[in-house]
Amino acid sequence: MSTDYSPVPELNLLKDLQDEVGYGEYADGFGLDEFGDTSGLVAGWSKDPAFLARLIPFARATGGGSFYAFWRVDDRDDLARLPVVVFGDEGGQHVVARDLRELFQLIAYDAEISVDWDEAYYYRGDGHEPSDAHADFVTWLGERFGRAPAEDPDAVVAAAQAAYGRSFGAWASAYLD
1073 MSTDYSPVPE LNLLKDLQDE VGYGEYADGF GLDEFGDTSG LVAGWSKDPA
1123 FLARLIPFAR ATGGGSFYAF WRVDDRDDLA RLPVVVFGDE GGQHVVARDL
1173 RELFQLIAYD AEISVDWDEA YYYRGDGHEP SDAHADFVTW LGERFGRAPA
1223 EDPDAVVAAA QAAYGRSFGA WASAYLD
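The numbering used here numbers the first residue of the sequence shown as 1073 and each following residue consecutively.
Calculated from the structure, these hints are not laboratory results. Glycine included, every Cβ here is placed at the ideal spot set by N, Cα and C. Errors might be hidden in some of the hints.
Restraint-style ranges between C-beta atoms, simulated for each label pair [to be verified]:
{"no.": "1", "residue 1": "Ser1245", "residue 2": "Asp1088", "range": "33 to 41 Å"}
{"no.": "2", "residue 1": "Asp1224", "residue 2": "Asp1249", "range": "17 to 25 Å"}
{"no.": "3", "residue 1": "Glu1092", "residue 2": "Lys1119", "range": "22 to 30 Å"}
{"no.": "4", "residue 1": "Ala1231", "residue 2": "Thr1211", "range": "23 to 31 Å"}
{"no.": "5", "residue 1": "Glu1223", "residue 2": "Val1114", "range": "18 to 26 Å"}
{"no.": "6", "residue 1": "Gly1136", "residue 2": "Asp1224", "range": "32 to 40 Å"}
{"no.": "7", "residue 1": "Ala1246", "residue 2": "Asp1147", "range": "13 to 21 Å"}
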């Protein structure tokens, strides 16, 4: 396992898979980007150092520029246990997973997330074709973490919203217009 990508062992394992099968090849719209690069937050949300200090971007969420970040809701050391937030390329920011492993299950659904001001959701149409290396990712997820793709992504997002949505919204509103 490479440890050069991030301080998060689970992400380092995924980076190894991504290096093997290709960026964006294992889950629709998803790819690991430079860990901790806050340029998207600065460009679209806030330059406030207190805002930036509590968010750790790590992955592209859509082909249009939406991205995922950990939200430092507290001072826990294990970053993989932090809630995951999506920031939409056309606006909106929402908690989508209670931790990194839940996000892995969401992206294993293999549908690009849709993000707007009111909600974030995963939708897969009837003619959906799996990503080229999707089977590799599903196998990886099962072997590494004993998890399967989310059967109902809306339920996963709803659970994350119930756990962290209000507190994230209250916290973020102090920095956002």
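- Which numbered conditions among the earlier hints are violated in the structure presented, ordered from lowest to highest? 2, 3, 5 and 6
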